[in-house]
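Visitor: Top to bottom, those sequences are chains D and U. Residue numbers for the first sequence, in the UniProt record's numbering: 1 to 214. Residue numbers for the second sequence, in the UniProt record's numbering: 1 to 333.
It should be emphasised that the hints constitute simulated quantities derived from the structure, not laboratory data. Nothing here was measured: the structure is a model prediction, and the numbers come from that model. A few of these clues could be false.
Using C-beta positions, here's what the derived DEER-type ranges look like [as the list claims (entries may be wrong)]:
1. U:Arg179 <-> D:Asp98: 41 to 49 Å
2. U:His17 <-> D:Ala48: 20 to 28 Å
3. U:Met1 <-> D:Asp54: 30 to 38 Å
4. U:Glu127 <-> D:Val171: 39 to 47 Å
5. D:Thr94 <-> U:Glu289: 48 to 56 Å
Negatives, chain D to chain U, calculated, CB over 10 Å [as the list claims (entries may be wrong)]:
6. Asp35
7. Lys52
8. Glu57
9. Thr94
10. Ala100
11. Arg112
12. Glu165
13. Gly178
14. Gly184
15. Glu207
Lysine to aspartate or glutamate pairs mimicking EDC-like chemistry, simulated, CA-CA at most 16 Å apart [what the hints assert, rightly or not]:
16. D:Lys67 <-> D:Asp98
17. D:Lys123 <-> U:Glu115
18. U:Lys140 <-> U:Asp246
19. D:Lys52 <-> D:Asp98
20. U:Lys140 <-> U:Glu127
21. U:Lys140 <-> D:Glu17
For every residue, glycine included, the Cβ atom is placed at its ideal position computed from N, Cα and C.
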Amino acid sequence: MGCSVEGVVAALRSAAEVVTAHRDELVELDRVIGDADHGENLKRGFTALVSKLDLSEPPATPSAALKLAATTLISTVGGAAGPLYGTALLRAATSVGDAAELDAAGVAAALRAALDGVVARGKAEPGDKTMVDALTPAVAAAEAAAASGSTVAEVLSAAADAADEGAASTVPLVARKGRASYLGERSANHLDPGSRSTALLLRSFAESAGGGDR
Amino acid sequence: MKKIINDPATVVVDALHGMAAAHPDLLRVQTDPAVVVRADAAVHGKVAVISGGGSGHEPLHGGFVGMGMLDAACPGPVFTSPTPDQVQAAVTATDGGAGALLLVKNYTGDVLNFETAAELAAAEGTEVRTVLIDDDVAVKDSLYTAGRRGVGGTVLVEKIVGAAAQRGDDLDACEALARRVVAGVRSMGVALTACTVPHVGEPSFTLADDEMEIGIGIHGEPGRQRVPMEPADGIVRHLLDPILEDLPFVEGDRVLLFTNSMGGTPLVELYIAHGIAERLLAERGITVERRLVGPYITSLEMQGMSLTVLRLDDELVELWDAPVHTAALRWGV
Chain D
1 MGCSVEGVVA ALRSAAEVVT AHRDELVELD RVIGDADHGE NLKRGFTALV
51 SKLDLSEPPA TPSAALKLAA TTLISTVGGA AGPLYGTALL RAATSVGDAA
101 ELDAAGVAAA LRAALDGVVA RGKAEPGDKT MVDALTPAVA AAEAAAASGS
151 TVAEVLSAAA DAADEGAAST VPLVARKGRA SYLGERSANH LDPGSRSTAL
201 LLRSFAESAG GGDR
Chain U
1 MKKIINDPAT VVVDALHGMA AAHPDLLRVQ TDPAVVVRAD AAVHGKVAVI
51 SGGGSGHEPL HGGFVGMGML DAACPGPVFT SPTPDQVQAA VTATDGGAGA
101 LLLVKNYTGD VLNFETAAEL AAAEGTEVRT VLIDDDVAVK DSLYTAGRRG
151 VGGTVLVEKI VGAAAQRGDD LDACEALARR VVAGVRSMGV ALTACTVPHV
201 GEPSFTLADD EMEIGIGIHG EPGRQRVPME PADGIVRHLL DPILEDLPFV
251 EGDRVLLFTN SMGGTPLVEL YIAHGIAERL LAERGITVER RLVGPYITSL
301 EMQGMSLTVL RLDDELVELW DAPVHTAALR WGV
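Only chain D is shown next, with the shape it has when bound in the complex (with noise of 0.2 Å):
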């Protein structure tokens, strides 16, 4: 079962839901390593998109969707995450196409996209301590899923267990890139706020397509 328009855009309110119950837990892993503005950041910005998602005419395409959601998320996040998580959404719109319903591959296409552009924006590796963290093992899981004939539900279920995973690999880590490499040895043993938001998006996209938790 593929994933339409309407698919996308309860993924994307699932998105600002989560981000919102969130948006402590976020400030304060940003606080102690960071400026203590991730979690409202985001809030900001998804807030913002689920008025525009309310007042406006209803997107046409998947692609329309994404596009609608990179293009707020960059004109009201800030700070790093709004032209990584923007540029993300705005290369996954541009790999979906003028597709109707995305399907699997479509999914783990779009995933790859995504991360490629966080990579190109942010100019991270895996092992800095950020959110490529969590996005490089996602796409590798969703991409396999896709390969063994799994449902957008399960690709992408794949991909926030992989994420999750991802997210707790950076606690050792010492940051390379990002505000918290300002503190060297002391970023260490402190979970990454970066690759925590893109594990809860991923869970929430995953539970928004039926996919459940693990």
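Chain D is already provided as a structure; the job is to place chain U on it using the hints.
Guide: Below, chain U without anything else, positioned relative to chain D:
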């Protein structure tokens, strides 16, 4: 948290309205997206000098909008970079036909948002250049960090480049000058207390009464080293020694010394620190030719200070002395 605010969510826009009311002769405030623009913008034929960054550092950047300094400032939420549409709006509002120079403090968020904005503005036909400011010697500049942060040197870059644009220098010259000032300026800061971001509601870190944090940035982020509190002499040495060793500044150099409060440190303490820094520089045979003392790039109500040293030559002295008329800096008019 005790602050003179109505709502943590409206701190920036409420402050911008007050700022517009306080300085109607100097600046205009646009909201949605938020931009502080010089009152007489766009100035025909002049390079537009634009900066911006998170709020909470006042008077940086909006307080430096006006004749002889910035054409526009893009205020983000507290300690959060502005968004590309704010920067684009600033470029549009100040476009005098000579291009725009974006002065960006080197933080990942600011760089990514200004980079995105520069691409968008270029697509619309305005020539835009970007210069990153990265003067903080507390951060090791290596492959293993996001690079040095932009701190106190930002104020000096904005003043000097603003003066050059005001006298009619073209975009190439303004960009080259900005890079030259960045290359010759170094800073270091210390915190005695943390600060509280309004939407967070609690201090960003805690320091005991007998501790200080050396090498802090301007966002309430912790520094590199926590050490026991010392008298002013020791604190100033902690800041000045790494600055002088880094460039390095040597005997015979002419410099501007900028002694900055992080917001909560009163002028009486700042003058004590400034006097010590002047004495230490004199002992090394370094001549302080110009100075700036006060709260110009702050971190909300944080107690602490930073020192910035800029190597001067005749042209930089002339541009520093050139008339400026902004909310926070005013001379020669």
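Visitor: Does the Cβ pair U:Glu127, D:Val171 satisfy 39 to 47 Å?
Guide: Holds, at about 45 Å.
Visitor: D:Lys52: least C-beta distance to chain U exceeds 10 Å?
Guide: holds, 14 Å
Visitor: For D:Gly178, is the shortest beta carbon distance to chain U beyond 10 Å?
Guide: violated, 5 Å
Visitor: May I ask you to check that D:Ala100 keeps its beta-carbon over 10 Å from the closest beta-carbon of chain U?
Guide: holds, 30 Å
Visitor: Are all beta-carbon distances from D:Thr94 to chain U longer than 10 Å?
Guide: Fine: 16 Å to the nearest Cβ keeps D:Thr94 off the interface.
Visitor: For the pair supplied as a hint, U:Lys140 and U:Glu127, is the alpha-carbon distance within the 16 Å limit?
Guide: violated, 33 Å
Visitor: State, for the Cβ atoms of U:His17 and D:Ala48, whether the hinted interval 20 to 28 Å holds or is violated.
Guide: holds, 21 Å
Visitor: Is U:Lys140 within 16 Å of U:Asp246, Cα to Cα?
Guide: Given that 16 Å is the threshold and the Cα spacing comes to 11 Å, the pair holds.
Visitor: CA of D:Lys67 to CA of D:Asp98, is that 16 Å or under?
Guide: Judged against 16 Å, a Cα distance of about 12 Å means the pair holds.
Visitor: Against chain U, does D:Glu207 hold up as non-interface, every C-beta pair farther apart than 10 Å?
Guide: holds, 27 Å
Visitor: Could you let me know if the closest chain U CB is still more than 10 Å away from the CB of D:Asp35?
Guide: D:Asp35 is in fact no farther than 10 Å from some Cβ atom of chain U, at 4 Å.
Visitor: With 10 Å as the threshold, tell me whether D:Arg112 passes as away from chain U on beta-carbon distances.
Guide: Holds, since 21 Å exceeds 10 Å.
Checked against the numbered hints listed earlier, the structure breaks hints 6, 13, 14, 19, 20, 21; every other hint is satisfied.
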